[in-house]
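We have chain A already, so just place chains B, C and D on it with the hints.
Residue numbers (our numbering), protein chains in the order written: chain A, 1 to 402; chain B, 1 to 402; chain C, 1 to 402; chain D, 1 to 402.
Among the hints, erroneous ones may be present.
Because identical chains cannot be distinguished in the list, a pair is counted as satisfied if it fits within a single copy or across any two copies.
List time: in silico BS3-like cross-link candidates among lysine-lysine, alpha-carbon distance up to 25 Å [as the list claims (entries may be wrong)]:
#, residue 1, residue 2
1, K208, K375
2, K128, K186
3, K128, K138
4, K149, K375
5, K391, K96
6, K63, K96
7, K3, K343
8, K391, K3
9, K208, K385
10, K49, K385
These are calculated hints, taken from the structure and not from any lab test.
Number of protein chains: 4
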Amino acid sequence: MKKLWAAKKQGSTEPVIWDFLTGKDAVLDNIFLPYDITGTQGHAAALVKARIITRAEEQRIRKALNTLREKARNGKIRVQAGDEDCHTVIEMYLTKNLGDLGKKIHTGRSRNDQALTMIRLYMRDQSKRLAKNTNQLKNVLAGLAQKYKSVPMPGYSHAQKAMPITVGQYFSSFVEALTDDLVLLKAISGIWDQSPLGSAAGFGLPIKWPRQIAARALGFPCIQNNPIYCQASRGKFERMFIFCLEMISQTLGRLSADMVLFTMQEFRFFSLPDNFTTGSSLMPHKKNYDLFEMTRAVRASLTAAGLETDLYGFNLISGYHRDLQRTKEPLVRTVEDTAQLIKVLTSALEHIEINTNNLTRAISPEMYSTAETMKLAASGIPFRKAYQTVKERLGKNSGTPP
Amino acid sequence: MKKLWAAKKQGSTEPVIWDFLTGKDAVLDNIFLPYDITGTQGHAAALVKARIITRAEEQRIRKALNTLREKARNGKIRVQAGDEDCHTVIEMYLTKNLGDLGKKIHTGRSRNDQALTMIRLYMRDQSKRLAKNTNQLKNVLAGLAQKYKSVPMPGYSHAQKAMPITVGQYFSSFVEALTDDLVLLKAISGIWDQSPLGSAAGFGLPIKWPRQIAARALGFPCIQNNPIYCQASRGKFERMFIFCLEMISQTLGRLSADMVLFTMQEFRFFSLPDNFTTGSSLMPHKKNYDLFEMTRAVRASLTAAGLETDLYGFNLISGYHRDLQRTKEPLVRTVEDTAQLIKVLTSALEHIEINTNNLTRAISPEMYSTAETMKLAASGIPFRKAYQTVKERLGKNSGTPP
Amino acid sequence: MKKLWAAKKQGSTEPVIWDFLTGKDAVLDNIFLPYDITGTQGHAAALVKARIITRAEEQRIRKALNTLREKARNGKIRVQAGDEDCHTVIEMYLTKNLGDLGKKIHTGRSRNDQALTMIRLYMRDQSKRLAKNTNQLKNVLAGLAQKYKSVPMPGYSHAQKAMPITVGQYFSSFVEALTDDLVLLKAISGIWDQSPLGSAAGFGLPIKWPRQIAARALGFPCIQNNPIYCQASRGKFERMFIFCLEMISQTLGRLSADMVLFTMQEFRFFSLPDNFTTGSSLMPHKKNYDLFEMTRAVRASLTAAGLETDLYGFNLISGYHRDLQRTKEPLVRTVEDTAQLIKVLTSALEHIEINTNNLTRAISPEMYSTAETMKLAASGIPFRKAYQTVKERLGKNSGTPP
Amino acid sequence: MKKLWAAKKQGSTEPVIWDFLTGKDAVLDNIFLPYDITGTQGHAAALVKARIITRAEEQRIRKALNTLREKARNGKIRVQAGDEDCHTVIEMYLTKNLGDLGKKIHTGRSRNDQALTMIRLYMRDQSKRLAKNTNQLKNVLAGLAQKYKSVPMPGYSHAQKAMPITVGQYFSSFVEALTDDLVLLKAISGIWDQSPLGSAAGFGLPIKWPRQIAARALGFPCIQNNPIYCQASRGKFERMFIFCLEMISQTLGRLSADMVLFTMQEFRFFSLPDNFTTGSSLMPHKKNYDLFEMTRAVRASLTAAGLETDLYGFNLISGYHRDLQRTKEPLVRTVEDTAQLIKVLTSALEHIEINTNNLTRAISPEMYSTAETMKLAASGIPFRKAYQTVKERLGKNSGTPP
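Bound-form chain A, shown alone:
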């Protein structure tokens, strides 16, 4: 494909260099292409206001881009290894189909604000998708909490038996954690959901530009004013977004860690049907809960991806650097990992077996020592005295299950 930003003598570029520079864009940009198309449609609206194109021309561009989106969806057009990126694919497509009109599309924008825009549209879309899926998971958790609200369960602190809780309380704790995680996701979107279009290469435009038009067309609540800051938020806003997903993976990672423990033979509070587990190639008796190990592991990926995103811009000066191109990869990886994590856990929890007998049996008498102490305290004995009284009564058995 023809190049738009290769410097000169592009034909002679050594393949090893070209491959390196485009990096994983040939794959990743297919994910971003639909968002870039939408962003371009928003930009076209501004071009009308700026009197670069007419309203009728905008309609032709919009229509052509709709067709392109459709072709991309059907796999008829794909960003490929030889292409520069999805931005070039769009301009070339328009030029091929609309002639000189296509050559007007890049007026007043740079690939910089174009990329910023498509990434934010992507994050907005994925944000909604992940929130929806998280809500479904919350429903499953809330259902379990309701159904088993009276089933007792040992509460552990320092991994030692502490006080009785209920299965209802247990699953509810994750419902509340996820609620906070979604509040975070929404709160942070309030920061990154600003329109960068019109910041161009990070220095704004040498002419007056109707930034508000494109922002409105694309559903951005506001424009991000300073063009230098627009550029500086590349990487920063992705980092914020990934941070929210990290928090979700932390919540679900803890749930998974619990499940790995509580499905051990020594506990078997919970179990899964055979078709959710695996065996061993060597040990015929094994029934493994790989599923919960794998859901636990997602947090590691996301934490590393968050750091990676951060590091690309570490200690760099203002202005765009190609290093930041690489932030697309951990962003997409993070979104897909999180989506899969939520889906898999939802499915597993829909099929989880709650072993009421094992749970009930696990409550040992000494776990009521706090209740006993509190009862004494409520009767007027100073708490610390009551505590000592109960502790001495437990005597030598303290800490040992009877």
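Chains B, C and D in isolation, oriented as in the chain A frame:
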């Protein structure tokens, strides 16, 4: 000092073990002590409602704690290596001064929700302090932006001269970035500013408890409902808070990186008076801008501290683990680093010299190529054609300073 | 394909679960397949000694595996989404082609020691490849150092002009750094290059097993004795290996950071031909050194991948966990990133232009202040006095380029 | 104290700036002071050869420095908040006591190579200390392995009962892991144990310098040749050293994670005497194994400190940057954390109770399924068939403890 939570035969504990378990609490808990005192006063209010103590007793406790706060402020009472922690110091102080009434203070709470409470009060306080300082820095930056709004400055992308900006736009970009950072700080405080008091050891209390009273007394907008989730948010909420500070350090780190570059002899866009710089022990001619290197470096500390906080709870099951005690250290370190970062940069920017001549001279003719292209595009020539025209005109000189 | 380790009713496993559990193995295991084949050939040698198969049967297995390796190389056989992993592909292939003999191949091994083996063979191979490529890069650097050994260049500390060096010294510094990096790579291979075969699932085998035979057949200098430690080194040895590559990327990242700076218009000490650079889609005059930005960025990827590898096993107990399966991905990513980094930099440095005039002109008089001081010191004046003398002479101009 | 490297008008430096620039050096440099003294004595030997001072003068310097070392040990001289750093303390001390001779000590060196030297001497010393302590811990572990070599213990994979092992094998696995960790420590010291003295500020010296003399005097096996690389290894060599400690903490972190699990009431394979455990302030029955939680947590600190060290130099150009000063803090923190970790675990394992009954009882019949399969395989039945036979026999009970 007498121990409250050492298991048994505490006198015989080997010193190496004791030192290890208390860790840095002997130092850190002096920072948290005032917040723990306030938290205890809030808890005392709940004790009245729960009929454990009378209103008059609450007043005696409140007064005693005010005195303790005062003594801690004056350094007359300090958490020391031999103590367990600040929680023990408080209960022991009350018991020593109020007798049996002191022994009632721990009714209905654990060191777990006590620690959660004091940490959130600490974060609330530090949040305000850092926001205030950040606003002062913003004012200094806005002042510079206003004063030098018409001074030209080269904008760089890929570290190459790109388009002209102004010193005003440049400093404004950091004002806007910090504004977003403060929005983030506030948005996230909306999540962690919930009262954990009454969650006790992470399993709630075996009797009905007036959680709302303590929450109100301490200014928490709401209670954090599920006690298991209260416990699970230890580490999580600190992580969120640190993340906000990371974002501030990212903004100020970029500013610092710019300053390191722009004070080089090859640029000298900006400079600092001698008393803000250092020399070399070997090279008599050196004038070093260590200050900006050190402000740049804070981001590294904070990023690592954020990770550290995250890692303490990594892959652990629900319920408190002593690992989480160690989160206090990166939290305090982060707050102090950020406070110093803001203060130092504010001071430096109040004294910065803007070298208008060097800035103006640095604008080279080819930086107007985009303006030229846009002008052609505005006149009706399709942008891509205009771009090619200008590019060819620049000819061999493309990319080379004249 | 038939399954070997799926628990039961495997046909009914929900696709979302299956996809999640196999993860990226369908892609990654094609990279590991040849090493797994080789490992299996080594294992077959042990089977002879253990009297499970005859020497003649071993020959049939070896031959069949050679054919499989060939087919894998030609893409005629590939691990696919429906398969369990490369281990299953091998056993199924042997069983299909050799009948009951194929069913004997897994005697005395688990997928655990099988995976450990193939990963180490992979690391050994990649280690050699990367060392070879690094040596080529060292040669290019040494060539530059030799060719420009007398060209002066300003040395910077605190990013300020410090003392004169030469281009020769400059490039030599990276030759020496890479030499240390290769020493590290070799030293660390001395740790991970131990045979884990015979550790089976991490608990050894219930019968005596000729571990030495397989180790020798596969060129391992020694066996890794304790089977529990064999398992515990999954993730640990990969981490060590990645750490070495991190060090290479640190060295080359600094070189790249230098190049980004020294190709700026303000320096232009070095430049690249046009076909190694890129332009801008908006600014016609731009010539960008994206290449050095992208080589700088590799360090960020590797640092994150190192952390990721570490995190999968964080806080986990002894014994295999499925979390560790995910370590394969950052390992492969790291190797490929490093290989590309070395190749691209080698190519770039083969074409780099050394701008002698700019380098020479950049040496300013004050950079000789240390030489002057040393001369006085050599003449007998106490150094600190000499330093003060020179400093005063530089007077007001200290730190200012003349 | 008089300043050596403050630029000018140092008296007027604003306190906030001065505090920030010296950072934690006032505390940390007391740890480094003895090593800096030793390094200075080595440098003095080179000064003789370079004819800057006489042999007799060197003796006076050596003696004065011995006295200073003694005073530092007794706390009579301390680096303080007002001082620049330990380097200044040394030169000022010599100048005060030896007059003009003291003013000669800095001839031919910079604080840069001085700091590099003292850090390496510190790492060499700590390396020996930690290796010695690790060997003691290995002895304790080997003693346990020997004493309980025949006590059975369940081996877990995927946290599910897998195959029987012995307590002997279990503890031996950590002996072998630590052996590898010490091999790593030694191998890596082979890289950083090079003399940087004579590299001065990272550009070498303008006169011929007897670098070999100082290297020999300080016991460095070789000099680190290129002065630019000497400087570039600041941070890099510390990173390598910390990496070794990370590996130790990984090994001991896994041991600790095991202990947290195996001291749970559901297992109680191991226990600790009361004076190694703690209780709860609320729950009178609690006996907590905080100790193992705290030893597990050290890995988190070290991983973060490793990253922190790495980040200070991230994306920076060649030459010293003040950012690197901050690497001293995570280095010292890491060393002290590791030392404490080893000491505490050694002490705990010396007192650990092995509960043979619980261990033996935990071996359930299905754990012999692999032995059974191997027996069939050894009798000539193809392994996969034997596996299926045993699996079917286990029937519905597969994966369920009998």
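Now the hints, each set against the structure:
{"no.": "1", "hint": "K208 <-> K375", "in the structure": "between (74 Å within a copy, 12 Å between copies)"}
{"no.": "2", "hint": "K128 <-> K186", "in the structure": "both (9 Å within a copy, 23 Å between copies)"}
{"no.": "3", "hint": "K128 <-> K138", "in the structure": "within (15 Å within a copy, 34 Å between copies)"}
{"no.": "4", "hint": "K149 <-> K375", "in the structure": "within (24 Å within a copy, 49 Å between copies)"}
{"no.": "5", "hint": "K391 <-> K96", "in the structure": "between (84 Å within a copy, 22 Å between copies)"}
{"no.": "6", "hint": "K63 <-> K96", "in the structure": "within (14 Å within a copy, 55 Å between copies)"}
{"no.": "7", "hint": "K3 <-> K343", "in the structure": "between (40 Å within a copy, 24 Å between copies)"}
{"no.": "8", "hint": "K391 <-> K3", "in the structure": "between (79 Å within a copy, 14 Å between copies)"}
{"no.": "9", "hint": "K208 <-> K385", "in the structure": "between (77 Å within a copy, 21 Å between copies)"}
{"no.": "10", "hint": "K49 <-> K385", "in the structure": "between (79 Å within a copy, 21 Å between copies)"}
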